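Novice: Sequence:
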Amino acid sequence: MTEKQDDFSYKTENTRSADNYPLIDVRYPLAMFYKKTLGKQQLLTLIQDKTIEFIVKEQSQDMYKSNSFQLFYVLSGQVTECIENKEYTYLAGQGCLLNRRIAHNDFIKGGHLLILDISERMVEELLEVMTIEQREQPIFSYLQQFFQKNQDWKRHFIEFNAILPIENQPFNKILDTIQVELSTQPLGSLFFQKGLVLRLLHALENPHFFTLRQVALDACKEDFLTHRLMTLIEASHGNISRLEIEETLHYNSEYLNRLLKKRYQHTITSYSKIIRTQKAQQLLTTTDLTVAAIAEALNFSTEHYFYNFFKKETGFSPKQYRLKHQDSKNNF
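For the sequence shown, position 224 matches number 224 in UniProt numbering, and the numbering has no gaps at all.
These aren't lab readings, by the way, just hints derived from the structure by calculation.
None of the values given here were measured: they were computed from a predicted structure.
Honestly, I wouldn't trust all of these hints.
[Stated by the list, open to error] Below 35 Å or equal to it, Euclidean Cα-Cα: the simulated DSBU-like pairs (lysine-lysine) are: (1) K221 <-> K50; (2) K57 <-> K173; (3) K194 <-> K221; (4) K261 <-> K312; (5) K173 <-> K273; (6) K262 <-> K194; (7) K57 <-> K221; (8) K109 <-> K194; (9) K109 <-> K57; (10) K109 <-> K149; (11) K36 <-> K221.
[Stated by the list, open to error] Taking CB as the label site, the calculated pair distances span: (12) N299 <-> G188: 18 to 26 Å; (13) L43 <-> R101: 40 to 48 Å; (14) T45 <-> K109: 16 to 24 Å.
Glycine residues also receive a C-beta, built at the ideal position from the N, C-alpha and C atoms.
Just need the whole structure built from these sequences, with the hints factored in.
Specialist: The structure is reproduced here in structure tokens:
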């Protein structure tokens, strides 16, 4: 374990991309690093090639590129990704997958961000062992496009959002195991790393764990704002105020409300209710949490309030709904 006072060893001095962005130059098939706020500064931790390195520095405002695919996952708090000069705010359980053509920067607000750098060569090797059907899934299709002549993928990235407001233990276990493999690298570690990355990406494809969207960087302003609004409501599991929306998106909530109604025939209130109801239904049918625990997970002030809300939206009490859907229950 080593500590650096100026910069990490994965980044060569004055390395720039072809279009003159600072370049994160990872020299290994796989690298993991964490970013966390420390007051007004940022703690960066790099894990690769049997080493763990640390650096404390000011948060940079400059966008950069990487020579690898980068997967971003918010562990806690709030992270704003500036991607090609547009801001995308992510909360815990959310993230995105970018290719090396996309310039970006991440600003962490009282949170903790994990970044996984996956080399192009590793991605190629993973795609080679997959079936045609597997490569047609959203994430793997996006990765595959990078190696084809079709250039449409250049202006898109993948965004994902955790389905449930509880810890995703299988997903987090894969991340923890990757960290162990990178920091220790026992015999055969590279083979394990490839398998773990494949499992991680497959977990992101699992509709019981995450929802996925392909985001167009060239979307018009109205499409961009309605997309960000809906993503924010989904990430907060339907529990977000208009003031919080304005503070995050920096637009008047009534203007955003009109956009949402115009494009999707929903108001902020009605869409929030839909998402909150869906999350409650998912927790009732895919977990063994008590009704009280579900009410707490979804930030209802009391179990009684949750009971009345759920019955009004579905026509069933929480216990009746769980019993009715007991046969389809599947614990994850």
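Novice: The structure should be examined with respect to each hint, and the outcome stated for every one.
Specialist: Structure-based check of each hint:
Our distance criterion of 35 Å between C-alpha atoms is broken by K221 and K50, whose separation comes to about 45 Å. Taking the CA atoms of K57 and K173, the gap is near 29 Å; set against the 35 Å cutoff, the hint holds. For the suggested pair K194 and K221, the alpha carbons sit about 39 Å apart, so the restraint of at most 35 Å is broken. Proximity of K261 to K312 is assessed by CA-CA distance (about 22 Å); at most 35 Å being required, the pair is judged to hold.
Restraint check for K173 and K273: satisfied, since their Cα atoms lie roughly 32 Å apart, inside the 35 Å limit. Distance check on the hinted pair: K262 and K194 sit about 45 Å apart at the alpha-carbon level, beyond 35 Å; violated. Proximity of K57 to K221 is assessed by CA-CA distance (about 34 Å); at most 35 Å being required, the pair is judged to hold. Among the hinted pairs, K109 with K194 is consistent with the structure: their alpha-carbon atoms are about 32 Å apart, no more than 35 Å.
With a C-alpha separation of about 15 Å, the suggested pairing of K109 with K57 holds against the 35 Å cut-off. Between K109 and K149 the CA atoms are separated by roughly 39 Å; this puts the pair beyond 35 Å, and the hint is violated. Of the supplied pair hints, the one linking K36 and K221 holds, its CA atoms being roughly 31 Å apart against a limit of 35 Å. Here the CB-CB span from N299 to G188 is close to 45 Å, at odds with the stated 18 to 26 Å.
For the pair L43 and R101, the beta carbons lie near 29 Å from each other, so the given range of 40 to 48 Å is not met. Under the hint 16 to 24 Å, the C-beta atoms of T45 and K109, about 18 Å apart, fit the expected range.
Hint compliance for this structure: hints 1, 3, 6, 10, 12, 13 are not met, and every other hint is.
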